[in-house]
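Participant: Below, each chain spelled out in residue letters.
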Amino acid sequence: MLGLSLPALIVLASWFAAALLGTPQAWAGDLNLNAVLVWGTDEAKPRDADYKELDPKIRKKLGRFSRWRNYFVIKEEKASLARGAMKKLKMSAKCELELKNIDDATLEIKLFGEGRWTATLKKSAEAMRKGELAVLGGDDKDKYNDAWFVVISVPAP
Amino acid sequence: MNPETQLKLQAWLDGELPPDEVPAVARLAETDRDAAALVAELRHTMAALANNELERPLPESREFFWSKVERGILAGERLATGRSRPLGLSSWLRFLAPAGIVAALAIVLFTPIFGVHRGANLAALEEIESPLADVSLTTFRSESEQMTVVWVNLH
Amino acid sequence: MSKIIDYPSASDELLVLNAQKGDTRAFEELVARHRDKLYARAFSMVRNEDEAVDLSQEAWVKGWQRLKQFQGEASFLTWMTRIVINLCLDHLRKQKRLRTDSIEQLDEDSGGVERLLPVVTTNPTEGLERAELRERIDRALDQLSYAHRTVLVLHEFERLEYKEVAKRMGCSIGTVMSRLFYARRKMAGLLAGLREGRKP
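Residue numbers (our numbering), protein chains in the order written: chain A, 1 to 157; chain B, 158 to 312; chain C, 313 to 512.
Excised from the complex, chain A in its bound form (with noise of 0.2 Å):
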């Protein structure tokens, strides 16, 4: 087979299963996701309402960045995707993320906008799992000054 002996098949299939199973991209296992929408807002939260504080190191880091004095979690969402496996998140009614583990090496994210595919984002899914985080916003085309974030993580383990 191959026109190789046996010993040299036998080395050669070792080494082909240690490849593959130190290749971290083959093996990392299903990619864990969270999503979560964000309303940046200099308002206070309105009374009737039971939006939670985003979580204080997201806070900070999107605060870099940006200057709203209230950042509120409006939902959160989770995806668990094997590899080639895509999921759709309805994140508001007007908001939804397709993401996908394209080939456990990227992530796509698409951001779907009142029903039309407005943006994607691809990602390194090993930079994901090491903390990376991908977000998406955009002015709040009902509140003069308020803005939404989209945040997607993988959650520590």
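Check each hint, because a few of them may be wrong.
Here are the simulated DSS-like cross-link-like pairs (lysine-lysine), alpha carbons at most 30 Å apart as the crow flies [stated by the list, open to error]:
{"#": "1", "chain 1": "A", "residue 1": "130", "chain 2": "A", "residue 2": "87"}
{"#": "2", "chain 1": "C", "residue 1": "406", "chain 2": "A", "residue 2": "57"}
{"#": "3", "chain 1": "A", "residue 1": "75", "chain 2": "C", "residue 2": "479"}
{"#": "4", "chain 1": "A", "residue 1": "75", "chain 2": "A", "residue 2": "90"}
{"#": "5", "chain 1": "A", "residue 1": "60", "chain 2": "C", "residue 2": "406"}
{"#": "6", "chain 1": "A", "residue 1": "110", "chain 2": "A", "residue 2": "88"}
{"#": "7", "chain 1": "C", "residue 1": "406", "chain 2": "A", "residue 2": "52"}
{"#": "8", "chain 1": "C", "residue 1": "380", "chain 2": "B", "residue 2": "225"}
{"#": "9", "chain 1": "C", "residue 1": "333", "chain 2": "B", "residue 2": "225"}
In case anyone wonders, no lab produced these hints; they're calculated from the structure.
Let chain A serve as the given structure and place chains B and C on it in line with the hints.
Facilitator: Just chains B and C, lined up with the frame of chain A:
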């Protein structure tokens, strides 16, 4: 004169007042002294601004400015056609399929050693795009915060 | 490029047609022809030379990338101007958010401050040469906040309707009307002040 009336006088001058409101506002501008004074002031300002934006030459030579634009165009085209992309195992195998099984195995063997991600800046392996003409994306990146923010601008 | 054309004397339409087929020489001619106007528009909005150069450069690159979408529904310069305006608006919004000091309060929008401004009875253009008037208008524009200057540029210089201004600025028509009213009244006062030799 209340603010609403003032804004109606302005809208009348701008041709943006609903047609059914025009006669009343026009009458007010003629008969009310304060309204007439405000209308005169607005008219003067509008006339002063019309076609009187200061002309400004771009403070760079034609050749220099064009060279920057050209570089931007070429960079955009490189990004569109030759995006760097982390190659997964399957991509390597597909690429090498015609070369034969032994060669494929050899590459698989070496992938963990010469893996695309090893030593690379993982966060740099990002792609961002929007398919919509009325949307532009602004990207903020913080290495220290390990965060990429894509700001969606609707036009 | 299948035809040899005389670029400097070719019409914008012909240059666009060729540029859409990939002729960068044609696009270069369009850039040379309209770069000053585009830069002036960017400067009117952002009031900073370096930023205006960068934004107009970015607009030209985007113009090339989107050229196939241009159908001739408006003039090429109008189409390019829309692109640079959008880039300037994005830039200004981003700047507003990245300020380390407190966010600028736009009290003028809703505070009714404009009601307190006395009506200006003199005509600011009277007796002025056009060049001098343009200089004064430019200096007065510098005194406005970014929101008021933007609404003035979009409505008075770009001749956009209230609805279109509101869409680009991401605010209501009512807000546009208030801001425009305040901006015009402030301009009247500033121009009158400049006329009397008062520093703004």
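Participant: It remains to establish, for every hint, whether it holds in the given structure.
Facilitator: Verification of the hints:
Restraint check for residue 130/A and residue 87/A: the C-alpha separation of about 21 Å stays at or below 30 Å, so the hint holds. Restraint check for residue 406/C and residue 57/A: the C-alpha separation of about 23 Å stays at or below 30 Å, so the hint holds. This hinted pair checks out: residue 75/A and residue 479/C have alpha carbons roughly 28 Å apart, not beyond 30 Å. Annotation: proposed proximity of residue 75/A to residue 90/A holds, straight-line Cα distance about 9 Å (limit 30 Å).
Using a Cα cut-off of 30 Å, the hinted pair residue 60/A and residue 406/C holds, with the two alpha carbons roughly 19 Å apart. Under the criterion of a C-alpha separation no larger than 30 Å, the hint pairing residue 110/A with residue 88/A is consistent with the structure, at around 9 Å. With a CA separation close to 27 Å, the supplied pair residue 406/C and residue 52/A stays within the 30 Å bound. With a CA separation close to 21 Å, the supplied pair residue 380/C and residue 225/B stays within the 30 Å bound.
Of the pairs offered as hints, the one joining residue 333/C and residue 225/B holds, with about 21 Å between alpha carbons and a cut-off of 30 Å not exceeded.
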